[in-house]
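**Student:** With the sequences and hints as input, model every part of the structure.
Just so you know, our numbering puts 1273 at position 225 of the sequence shown, and the rest follows in order with no gaps.
Just so you know, the hints here were simulated from the structure itself, not pulled from any lab data.
Any given hint could turn out to be false.
[As the list claims (entries may be wrong)] Below 16 Å or equal to it, Euclidean Cα-Cα: the simulated EDC-like pairs (lysine to aspartate or glutamate) are:
no.: 1; residue 1: K1356; residue 2: D1107
no.: 2; residue 1: K1178; residue 2: D1358
no.: 3; residue 1: K1178; residue 2: D1107
[Said to hold, decoys possible] Computed beta-carbon distance windows for the label pairs:
no.: 4; residue 1: P1331; residue 2: R1062; range: 22 to 30 Å
no.: 5; residue 1: A1080; residue 2: N1156; range: 29 to 37 Å
no.: 6; residue 1: T1051; residue 2: A1080; range: 42 to 50 Å
no.: 7; residue 1: R1062; residue 2: A1105; range: 25 to 33 Å
no.: 8; residue 1: A1105; residue 2: P1321; range: 21 to 29 Å
no.: 9; residue 1: R1092; residue 2: P1289; range: 25 to 33 Å
no.: 10; residue 1: N1156; residue 2: P1321; range: 26 to 34 Å
no.: 11; residue 1: K1356; residue 2: P1331; range: 24 to 32 Å
no.: 12; residue 1: D1348; residue 2: D1090; range: 35 to 43 Å
All values reported here derive from a predicted model rather than from experimental measurement.
Heads up, the beta-carbon is just placed ideally off N, CA and C, and yes, glycines get one too.
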Amino acid sequence: MSTSGSVAAAVTYRPAEAPSSLDDFHAPEGVALRYYEITSLDGRGGPAAHLVPARPAADAPLVLSVHGSGGSIGSLPVRTLALGLSARGVPVLAINTRQSGAAVNTDNYYATVRDIEAAYWTARALGYAKIVLHGHSLGTSQVSVRGDALVQLDRRRRADGDVRGSTVEVAPPADQRRDDLPRAHRRSRGRGAGRRLRAHAVHSDVVARRGVRSRGGAALPDLPAHRHRGARSLDWIARVPNPILMVRDEHDTVIHDFEPGCLEAALEHGLSPSVTSVTLLSPEGTEGHRFEGSSESLVDTVAGWLAKLD
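**Tutor:** Set out below in structure tokens:
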């Protein structure tokens, strides 16, 4: 038996060509765009886009961006934030997880977080110690559960304590699992949380009758991937000890039935030292889940919040 040791599993990243699906993904002026192939601990490889401003803003963190189910690096609003933030001097690492594209609503939640884990250690290998985890839709629960745990673990194992993390939740659903919605209010604590979660329970039966809706309005199957414990945002959001920004569009019909107000109620009694919740105005008829009518406001809101982070 070798005494030098062997590698049992490893996260790797290597330079790669731009995926064909990102042929029209162009970096803003003054921003370098580099692509990587990142391989997770369980051997799954996927693309990542690294946008590096030539003149980064002072103390700017890296934004590690994760799309929702069926999304990608090039889908809205991940694309909007990647290009918009990098143009303002904020570096971005956007990844395609195993739930991208045709894998919509078929992924395994606990497998997908391996991709986020791999992206995090890639970001650390690239030299970033200040990392803001950005998730969209289902990606919000994934970055907060796994990403926050990684930040805490990394901070504890480093003597200098230099590692820092925060979270940006864009279009976050409160609970992806319809069958648990009526029980949400019974696990709530605090007067404010109780009021909101009682209202949530009243209309949860409407959700059950209508079913989960896709962006196009068609009913989607209630698949096991969305029954996983990790997809229940109400369970994890109060446990995140880092600053949190929650942003949603007023015309987001996808998460409307998942009552984002419940997340605010949970956050009021949670561990986060700073919680900011913003609802963006948009023209009626625009696709709010993709922030089609509020893209500029989205970039302004996130960039302004990042600039104020300690």
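**Student:** Hint by hint, say whether it matches the structure.
**Tutor:** Structure-based check of all given hints:
1. Between K1356 and D1107 the CA atoms are separated by roughly 10 Å; this keeps the pair inside 16 Å, and the hint holds.
2. With a C-alpha separation of about 10 Å, the suggested pair K1178 and D1358 falls inside the 16 Å cut-off, and the hint holds.
3. Using a Cα cut-off of 16 Å, the hinted pair K1178 and D1107 holds, with the two alpha carbons roughly 8 Å apart.
4. For the pair P1331 and R1062, the beta carbons lie near 43 Å from each other, so the given range of 22 to 30 Å is not met.
5. A hinted range of 29 to 37 Å for the beta carbons of A1080 and N1156 is consistent with their spacing of about 34 Å.
6. Between T1051 and A1080 the beta carbons are some 43 Å apart, a value that agrees with the proposed interval 42 to 50 Å.
7. Between R1062 and A1105, the C-beta spacing of about 28 Å keeps the proposed range 25 to 33 Å intact.
8. Remark: the range hint 21 to 29 Å for A1105 to P1321 is upheld by a beta-carbon distance near 23 Å.
9. A hinted range of 25 to 33 Å holds for the C-beta pair R1092 and P1289, which are about 29 Å apart.
10. Evaluation of the 26 to 34 Å hint for N1156 and P1321 yields a pass: the beta carbon distance comes to about 32 Å.
11. A hinted range of 24 to 32 Å for the beta carbons of K1356 and P1331 is consistent with their spacing of about 28 Å.
12. Judged by the Cβ atoms, the range 35 to 43 Å given for D1348 and D1090 holds: they are separated by roughly 38 Å.
The structure shown violates just one earlier hint, number 4.
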